[in-house]
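Undergrad: One line per chain: the protein sequences are A and B, in this order. Read in the numbering used here, the first sequence has 42 at position 42, and its numbers run on one by one without any break. Read in the numbering used here, the second sequence has 84 at position 84, and its numbers run on one by one without any break.
These are computed hints drawn from the structure, not numbers from a lab. Remember, it's a predicted structure, so these values are computed and weren't measured experimentally. Be a bit skeptical, because a hint or two may be false.
What the hints assert, rightly or not - Derived Cβ-Cβ restraints for the label pairs, each shown as a range:
| id | chain 1 | residue 1 | chain 2 | residue 2 | range |
| --- | --- | --- | --- | --- | --- |
| 1 | A | 52 | B | 58 | 47 to 57 Å |
| 2 | B | 63 | A | 8 | 14 to 24 Å |
| 3 | B | 190 | A | 59 | 26 to 36 Å |
Stated by the list, open to error - Covered by chain A, according to a simulated footprint, are these stretches of chain B (three or more residues, beta-carbon under 8 Å):
| id | stretch |
| --- | --- |
| 4 | 69–75 |
| 5 | 85–94 |
Claimed, not checked - Residues of chain B clear of chain A, computed beta-carbon distances all greater than 12 Å:
| id | residue |
| --- | --- |
| 6 | 7 |
| 7 | 42 |
| 8 | 78 |
| 9 | 122 |
| 10 | 170 |
| 11 | 191 |
Glycine included, each C-beta is placed from N, C-alpha and C at the ideal position.
Chain by chain, the residues:
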Amino acid sequence: MIVLAYQFDWSIVTDRWRLFAAGAWVDVWVAVIGFAFACALGLLNALLRTSGVRLFTIPSFLYVQVMRGVPLYVMLLWIYFGVANITGITFTSFQAIVITLALTGSGYTTEIFRAGLSAIDRGQMEAARSIGLSRTRTYGHVVLPQAFRIVVPPLGNTFVGLLKGATIMSVIAVPDMVFLANELNVTLFTPFEVFAAVALILVVLVLFFSAIVYLLERRLRIA
Amino acid sequence: MTALLLTYSYDWSVIPRSVAFFERGLSVTVRIALFSVVFSLALGLVVALIRMAPGPLGVIGFVYIQVFRALSLYVYILFIYFGVAAATGLNLDPIPAGVVSLTLLNSAYMAEIYRAAIQAIDPGQREAARSLGLGGVQTFATVVFPQAWRIAIPSLVNQFTDIIKDSSVVALIGAPDLMYQTIERVSFYQRPFEFYTTVAGIYLVMVVIVAQLARRLERRLQRHLA
């Protein structure tokens with residue numbers, strides 16, 4: 001059996017744990033920044049979507065469909081090569097992956113915010129307005145704080161999704177953990193160890209963040 | 001920047017000239033997605049049953065689902081195509097490697113969909129069937145599953161849209177799918193914007209069609225249930 005011919009050498013990974021940690025840090029960091037932008041875009045878009053003005057709701061609807069329907073990988077190359085080519089802006093690969101995650105993520109966050117906003121009873125809005133709060137203040141003090149509790153758990157899941165998606169960044173040479181694993185594989189030819197290590201790190205990270213989401217969900221549950 | 005935006009001369013004629021490549025790639029993408037969805041529908045049900053089994057078997061199912069839902073397809077495909085291949089001598093071609101990766105990953109998601117659907121069936125159904133003298137397997141196959149299946153179908157079809165999108169990653173290990181052909185054409189014509197916009201549109205159309213199908217199925221099935 002050929003299995004025996006492969007000499008496992010885990011020291012290749014354990015000796016470089018700092019490099020792997022640094023690589024994983026890049027994945028998390030990029031996912032965090034992409035997620036922050038995705039939330040901002042999503043909230044804005046959800047407000048347009050729930051505005052009731054056709055001029056806003058239709059483009060907002062189409063935006064969501066496109067962002068959720070285009071594969072992350074296609075979007076990444078579209079931004080990094082396509083958009084860069086026609087606009088003359090040369091994105092750094094880091095900017096390209098952040099923009100991609102922000103756009104893809106915003107398709108999901110829009111729907112989450114929309115659901116959160118529309119779950120707040122209209123009476124809340126009417127009551128706040130009738131006691132004299134302005135529209136902005138009504139949103140800021142009454143609607144958004146309540147919607148926040150509803151949107152946090154699904155937003156957390158979106159973040160986890162973006163973290164998984166972020167691992168594609170090595171294809172445009174952002175030096176994350178997958179990029180590192182590829183480099184090590186090319187120079188040392190130890191594919192099993194390096195990719196198993198990366199897979200393991202990703203599983204641990206995702207389960208860690210999922211656990212946080214789960215705890216938040218329990219805490220925020222409306223009694 | 002704006003200057004270039006206005007001066008960039010688009011050349012969309014490269015797209016009709018590449019139709020043959022799109023067709024070839026599309027047929028590979030569709031084949032990969034279909035095989036993956038069929039296999040993961042079957043494997044997902046098995047995993048769901050294992051997950052719901054009592055004792056250590058249930059724990060194995062739980063771990064399987066947690067691990068595969070936590071991985072990204074890209075990381076997993078690299079592990080299968082390079083890692084496992086080197087360690088075991090099991091050298092899969094790019095297309096089968098893609099199908100295996102997509103199947104294993106999505107079976108975990110599908111298992112959770114099945115599980116939710118099976119748990120949504122009133123326990124009284126099971127009890128009634130058992131008290132009529134049906135065996136455990138028969139109860140599941142003729143009473144519980146047909147009802148759970150109806151609940152699960154829309155979500156399962158939605159999962160299919162994720163499979164279609166995710167399948168673009170197989171281009172990275174050299175499977176000649178839609179994305180792979182597009183990347184090849186880009187390097188041939190040096191027209192990234194035209195090609196990636198087009199391919200984004202093609203994926204979008206596929207996803208919208210499947211999602212629409214899911215919605216229609218959902219409406220039809222709910223009518224039956226009502």
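Undergrad: Run through the hints listed earlier and report the numbers of any the structure violates, in increasing order.
TA: When the structure is compared with the hints, numbers 6, 8, 10, 11 turn out to be violated.
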